[in-house]
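A.B. asks: Sequence:
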Amino acid sequence: MSESNDHNSEILLHKHTRREFRERMQSGELKACIIPVAATEQHLEHLAMEHDWRSVMLIATEVAKRLSPHVIVAPSMNIGISEHHMRHPGTLSALPGSWLSVLFDTIRSMHQAGFNHILVLNGHGGNIAPCLGMWGQFQQRLEINLHFESYWNLLPEEVATANLKTKRFPGHAQEFETAFALAAFPENVRQDAMRDQEDREPLEATAEVGQIMIDEIINQVSQYVVGMIDGTNLVEIPPFHT
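Residue numbers (the numbering used here): 128 to 369.
Fair warning: there could be bad hints in the mix.
[To be verified] 35 Å max Cα-Cα, derived DSBU-like pairs, lysine-lysine:
(1) Lys142 <-> Lys192
(2) Lys158 <-> Lys192
(3) Lys158 <-> Lys142
(4) Lys192 <-> Lys294
(5) Lys292 <-> Lys192
[What the hints assert, rightly or not] The following label-pair restraints were derived from C-beta to C-beta distances:
(6) Ala289 <-> Glu363: 25 to 35 Å
(7) Asp323 <-> Asp357: 47 to 57 Å
(8) Gly241 <-> Asp323: 49 to 59 Å
(9) Thr288 <-> Ala334: 11 to 21 Å
(10) Pro313 <-> Pro202: 18 to 28 Å
It should be emphasised that the hints constitute simulated quantities derived from the structure, not laboratory data. Ideal placement from N, C-alpha and C gives every residue a C-beta, glycine not left out.
With the hints as constraints, model all of the structure from the sequences given.
C.D. replies: Structure (structure tokens):
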């Protein structure tokens, strides 16, 4: 078995058999779960529509590898809330109510499996407002250390502005996301389309800057999850109002 497959068998929930997962949970080895959420939607003319999902999965899996054997990654929700992009055929979108229901059930399932530290790691801007609007209720229902964070929010602003020519991030299919793709999955960047389209900002992107961003995000998300596990990064569960 290759090293990559060994890692996947250890960090991805769906690669486990029920016995393997049960024994790891019973041993106390597994401490935290990451649930990646993202989207499948248009990313201008030059980026593949899987970008949000692919990027958040890369961060989640690299963090789990770094913190192995204590962190597992649940299957990603690769359809997001993308109504604002539906005029572009091929975009997939869920309505907020149905999407939040599936997310809550995924969190509930992982809590029932034994996790008290769960990070929902987001890779799509359209998911943010619905999640923030419901998060207090999710925490009240489950009473666990449950966090929601977009991966780019954990990138220090000074690192981004020191390296990005446009000084802004994340931006939709702009310099930041294009640099990420050039570094991590260059086959998803259509160079001819990038040169031909009206929006010129993606042309500022380089793989070198993308790798700097990715490395720092992995560092920061890893520290964030360590804080969840060791108790320095706990949420205060909102009280029920009577």
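A.B. asks: Look at each hint and say if it fits the structure.
C.D. replies: Structure-based check of each hint:
1. Lys142 <-> Lys192: holds (14 Å)
2. Lys158 <-> Lys192: With Cα atoms ~14 Å apart, Lys158 and Lys192 stay inside 35 Å; holds.
3. Lys158 <-> Lys142: holds (18 Å)
4. Lys192 <-> Lys294: holds (30 Å)
5. Lys292 <-> Lys192: Distance of about 31 Å is within 35 Å: holds.
6. Ala289 <-> Glu363: 25 to 35 Å: Holds: the Cβ-Cβ distance is about 33 Å, inside 25 to 35 Å.
7. Asp323 <-> Asp357: 47 to 57 Å: At 50 Å between Cβs, range holds.
8. Gly241 <-> Asp323: 49 to 59 Å: holds (51 Å)
9. Thr288 <-> Ala334: 11 to 21 Å: holds (19 Å)
10. Pro313 <-> Pro202: 18 to 28 Å: holds (25 Å)
Going down the numbered hints, you'll see the structure goes against none, and every one checks out.
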